[in-house]
Every structure is written in C-alpha cells, then in structure tokens.
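J.: Now for the letters of each chain:
Protein chains: 2
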Amino acid sequence: MVSFVDVNNMVRWIQRDGVENIITGMVDYLEHDFRRWERFDKIARVASHTPFGVIELMPTSDGEEYSFKYVNGHPSNPARGFQTVTAFGVLADVDNGYPTFQAEMTLLTALRTAATSAMVAKHVARKDSKRMAMIGAGSQSEFQALGFRGVVGIEDITIYDVDPKAVEKFRRNMEPLGFNITVCSGVDEAVIGADIITTCTADKAQNQILATRHVAPGVHLNAVGGDCPGKTELEAEILDDAKVFVEFPPQTRVEGEIQQKPEDFPVVEFWKVLTGAETGRDSEEQVTLFDDVGFAINDFSALRYCRDAVKGTDLETQIDLVADPEDPKDLFSMTSDVPSLL
Amino acid sequence: MVSFVDVNNMVRWIQRDGVENIITGMVDYLEHDFRRWERFDKIARVASHTPFGVIELMPTSDGEEYSFKYVNGHPSNPARGFQTVTAFGVLADVDNGYPTFQAEMTLLTALRTAATSAMVAKHVARKDSKRMAMIGAGSQSEFQALGFRGVVGIEDITIYDVDPKAVEKFRRNMEPLGFNITVCSGVDEAVIGADIITTCTADKAQNQILATRHVAPGVHLNAVGGDCPGKTELEAEILDDAKVFVEFPPQTRVEGEIQQKPEDFPVVEFWKVLTGAETGRDSEEQVTLFDDVGFAINDFSALRYCRDAVKGTDLETQIDLVADPEDPKDLFSMTSDVPSLL
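Going down the list, the sequences are from chains A and B.
Per our numbering, the first sequence starts with residue 758, numbered consecutively.
Per our numbering, the second sequence starts with residue 758, numbered consecutively.
Watch out, some of these pointers could steer you wrong.
One copy or any two copies: either way a pair holds, since identical chains are not told apart in the list.
Claimed, not checked - Derived SDA-like pairs: lysine to any residue, alpha-carbon spacing no greater than 20 Å straight-line:
1) K799 / L814
2) K1029 / W794
3) K799 / D1084
4) K961 / P1085
5) K922 / A804
6) K922 / S1090
7) K922 / E1083
8) K922 / P832
9) K1029 / Q1043
10) K879 / T1036
11) K879 / V940
12) K961 / Y855
13) K922 / D1084
14) K1018 / A801
Keep in mind the hints are simulated off the structure, nothing from the lab.
Bound-form chain A, shown alone:
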C-alpha cells in the first residue's frame, strides 16, 4: 500500500500546522537537500508543450529516495475556471523501486515555491528587508507573502496586478493576518521603497513586467513567473546589472529569465551559497536576482516534509497501487486466485 495525501487531507494538514509554519519548516528541508545537491540525480524537467500550455514531469533522486512531480502550466486556465497550475507527486524507494507516498501537489507546490523563494531571499536579500513589492496577485501570491514574513520578516506589502479583483482577493485574504498592504495603481508605484520585488505573473509571453527603472540599488528580485520557454517577466537589461542566482542552470537557461541571454551568461548556483563555495550578496548596493523556475529537488524536499509531517496521523490514507503477489514470479495468479484477494 502507498501512503496518500489527497486534496482534502492536504487542506487539513495546512489548517493544522498553518501556511507560515509549514513554509518555515519546509525551508529547513530545502536547505538540507540543497546542501547535498551534488548527491542528486539531476535532469531538466521533461516537458510536453502544446499551444495552450505545458505538462511536465520532474524526477530526481538522492540515491535512497526517488521523487517525481507531474505538473501542468496553462496560463489561460483561470479564464475558463481552472487552475493555471495543478500537480501531484510521488516518493519511491530506490532500493526496490516501489512507490511509497503520493500527494496532491497543487497546494504543496504553492507552499514549496514560496519556501524556495523565501529560502533564497533569506540568504541573499539585505538583512534589514521589511517591505516587499508584489507584481501579480494570483494563486501563488498569498503563499509568497506568508513565506517572506515567516522566513525573512516582511511586514509591509505593496501590490499590483492588472486584475483588480485578484488584488482585492489578496487583500481580503492577507489583511486579517496582520500585513500592512498598500494596493498600487501600477508597477512604478508598487516598487517605491521596496527591499524585495516579487514578480509572479502567468502570461505565456515575453513580457517586461519590470524595467530597469524599477530596480533600485540593493533590491532583491524574486522572479517567479518566468518559468517556461517564451515566458519571461523582466526587461533583459535588468539581468546585466544583477547577481543572478539559479537552481539548476541547464533547466534555467531554457526556462528562466536568462533565456533572454547567451548560453554563457554568468549565474551562481544557489546551493553553492549554502555550502559556502560561492558568496551570496556582496554589498548593500548590489542588486540580487533569484531567477526561479522550480526544480525537481524542491519537490523532493516538499514531498519528504509533507510525508514526515502527516506520518501516522489520519491525514494520510492508503491506496492500493502496487500489485504484490505472494510468489513474486507468479503475478498471473492474482488474476485467477479470487479467494486470497477479496
């Protein structure tokens, strides 16, 4: 039997532990796994593109456990009543190849994306960061806000989205939780005085949500929405003046903001900041940029964290996913041996 966390139990877990606590705890798992980056089997995610969106598989393994995530990205989905991103994932035992854990990952991906953003900002944003500008108020926005409060200490948020209803939803969800929120009429207004700027929009196009004039010295850019070939958010020149941190270069060069740049554009693999092999922020004036596309190891950490958190509680159920006949060479007997099965 495979342990299973469905949508309802994922919701119950989040209600039990709280979004902010979960993201904070997940950062510990992420840091643990990023520090042993070199032990992982790593490939760029395997994408099946269509005119409407993309379906991706994201496998990885540390040699003891294997994980993969199924995830779609369909920017036109919300207009039709569907989620832009839905996902589920699986952990497996490398030793015998059996799956051990399956979970919905639409909510879990929202948590892990915020946790990854917050982890990077914790290490490369200015230590005194208090105000975050958010461009984009979609599904991911509240998770980003809570992650940055829990991990980085952000209290003040300025926010802008082309969809005023989305901004109103963000305010409705976040104000009761104690944030100081300023709704802005455009990007120019939103970025004034920001220590951190998070861009998280979903349009599958080469956009310039943020231009060089929006980026003051010392700002940390958390660029989340550019995560697919042909899907970027930043004016390319922003990259020239920033120290750019990435997860897995072979994937980011195809999917991230740096797809706008040559193959040899200089980037820092973030895991090296954690191990001390590379520096993070070099000065108070430096612009730092996390070109986030989301990598398989992030999901590996998120699945492990969720699995450990729900273990032995009624938040996990069991699904019968692995046929296991008494004699392993006698699979056929399962098709005829009724009494032993029913």
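Given the coordinates of chain A, work out where chain B should sit on it, guided by the hints.
T.: Structure of chain B alone, referenced to chain A:
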C-alpha cells in the same frame, strides 16, 4: 476528481473480461495508436539508474490526451520477495492539463507487453505459426502465452527457465487453460520445431540466452527481456541475419538487443508495417525479430483501453487529486475556508 483503478479493481476487471480477451481487445487500441504514430509527442523514457535497478518515467501525448507511466525494473527483487517490475500510470487532458485517470500498471503492463508482442507477431510471424518456445517463465510468461493464443493462434508451448519452480508455476497456471505444454531441459530442446521463440528473462547482464544455432529459418523472435542498457538476451550475430522490428529507434538503440550493434544498424519501425510504408515478413524463410523494449505509446493505448473498459462501472473509484477552488486565482482560500470544504 480523478478516476482510479487500484490493484484490486484491476484484478476484478481482469477476472470480469479475462486475460486473453483483454489482450485481444488491447491489440485493437495498440494498432489504432501505432497507425497514427506520427501524431504523438515521442521521447525515450527518462531513466534513473542505480546499481540495483532503474526507475523510469514514460510520457507521451497525441495532442489531445497525455499519458505517462512510472515503472521500475529491479532484477534482484524476486529473490527478496518483491516484483521485478511494478508500475502505475496516468492519463491527462492536454487542453487544461488536468489528470483524468490513474491506474495501477503492474498487471496492466503485463497485459500491454503481451499485447504488443502479439500484435507484432500477428503481422510479421509466419501465418501458420502454432508452436512457441518460451525462454523464461517469470511474471510475464503466462500473459505472453495467452496473448499469443488469442491473437496469433498458438496452442503448443515449449518452455525452459533456469528456475524449475518458475516453470512448474507456468505449467500449473496454463495447463488448465488448454495449452499443450512441454517442459524442456534447456534452450536447445525448447526451440526444436518452434515457429516463434519468446525470450523473456530479467537478469541485468549481457546474456546470450539464444545463440545463432537456435534460430531456424522462418522463425519469429519475440525478444522481450533485453530492455535496458547492459541487459540483453541474444547473441549479437542473430541480429545480422534477421529483419529487426522496433518501436521507437532512439530508445531501442540504447535499451534493446541492438545496443550491441552500431548506431546505423538497419531496423524497421513497426508502425510503418501497419501503415503499409514498410513491408513486414518478406519470405517464409526470413527470420523476423521484434526487439521489444516497451514504449510510452504502448502504455497510452493500455491506459485508454482500461479507462474505456471500466468507465461507469464499480471497477473505478474516484481520488481527490486536483485542488479546484471556486475562484481559480484564490487557491489560498482553500487553506482557510473550512466550511465549504468539509
């Protein structure tokens, strides 16, 4: 909600419809999908290798539906009480990226592997084939036997395995179903008078289960067990004198028997035989060889067939795998809006 066929319901479906009927029906789906081969998004499967085995993801899409299979291969598993191969798979709607169907695929893979072998033999083995030699009596063997009876008309089986208990198991399972079974003391004995030779062993090594002396003119070789880098069953010279049919050359050249041969070793893509673009068997004396490794489209067909067969019956249950908030931009509300969920 995602429609789900777990192990128990897969067993109930097989008991309802019968292995031989299911394989025969599945060949129709396979032929339908192989005929429109060019419409599919095709990549070699994505493998994560370890010293003990391999875990693979096998995605494909016809532009309307997407499928993937998770499958492991661990040759040393049976000695430890586990299945060599376990699997599960998913269908998804390409239009919005949502998963629609999930099924256990340990049993379903056994059915689809036999269906694929039988489909190819139906088109390239000699029409008067009646006797099959089987080398290997593991989990897959009974499914192969029933597939070849249902689709090709095989009644007489000679069988050999290094493990006499496995052979005894095969005889115990198959004799009641009306086969004429001859248990042989070695490969040399088993292949005498065979119209078709099926090799289906699991050792992860470059073996020579079959040598040139075993291959008489006119025989069809159904080589199933060589399906991983470093895992082959045939003496390389057998390939030189045979017309070799494969599924997807970029995958087979890495995983199949032809991994023993140069990159430009001539092969025929089997789907072209179905469309008439290539000939199958050219003479009664020609040796034909299906270098089967198993491709993602085979699983696409198998999942579609199973989904259609169980639709609307109590053989499918529903699992809650896709978070779907009322407002698609308000995923966060699911984490707080208890009353609407519970």
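J.: When no copy is named, should K961 and Y855 be tagged within, between, both, or neither for a Cα gap of at most 20 Å?
T.: This pair counts as between: shortest inter-copy Cα distance 18 Å, intra-copy 37 Å.
J.: When Cα atoms must be at most 20 Å apart, do K922 and D1084 count as within-copy, between-copy, both, or neither?
T.: between (59 Å within a copy, 11 Å between copies)
J.: When Cα atoms must be at most 20 Å apart, do K879 and V940 count as within-copy, between-copy, both, or neither?
T.: neither (25 Å within a copy, 68 Å between copies)
J.: Within, between, both or neither: how does the pair K961, P1085 come out at a Cα-Cα threshold of 20 Å?
T.: Only across copies: K961 and P1085 sit 17 Å apart there, 48 Å inside one copy, limit 20 Å.
J.: How do K922 and E1083 come out at 20 Å by Cα distance, when the copy is not named: within, between, both, or neither?
T.: between (57 Å within a copy, 14 Å between copies)
J.: Within a copy, between copies, both or neither: which one fits K799 and D1084 at a CA-CA cutoff of 20 Å?
T.: Close neither inside one copy (35 Å) nor across copies (35 Å); limit 20 Å.
J.: If the cut is 20 Å between Cα atoms, do K922 and A804 qualify within a copy, between copies, both or neither?
T.: neither (32 Å within a copy, 44 Å between copies)
J.: For K879 and T1036, with the copy left unspecified, which applies at a CA distance of at most 20 Å: within, between, both, or neither?
T.: within (13 Å within a copy, 64 Å between copies)
J.: Cα distance capped at 20 Å. Does K922 pair with P832 within a copy, between copies, both, or neither?
T.: within (17 Å within a copy, 56 Å between copies)
J.: State whether the alpha carbon distance between K922 and S1090 is at most 20 Å within one copy, between copies, both, or neither.
T.: Between. Shortest inter-copy distance 14 Å satisfies the 20 Å Cα cut-off; intra-copy 58 Å does not.
J.: Indicate which option fits the pair K799, L814 if close means a Cα-Cα distance not exceeding 20 Å: within, between, both or neither.
T.: Cα proximity of K799 and L814: in one copy and across copies (13 Å, 14 Å).
J.: Go through the copies and call it for K1018 and A801: within, between, both or neither, with a Cα cutoff of 20 Å.
T.: So K1018 and A801 pass the 20 Å test inside one copy only (18 Å; across, 29 Å).
Checked against the numbered hints given earlier, this structure breaks hints 3, 5 and 11; the rest are met.
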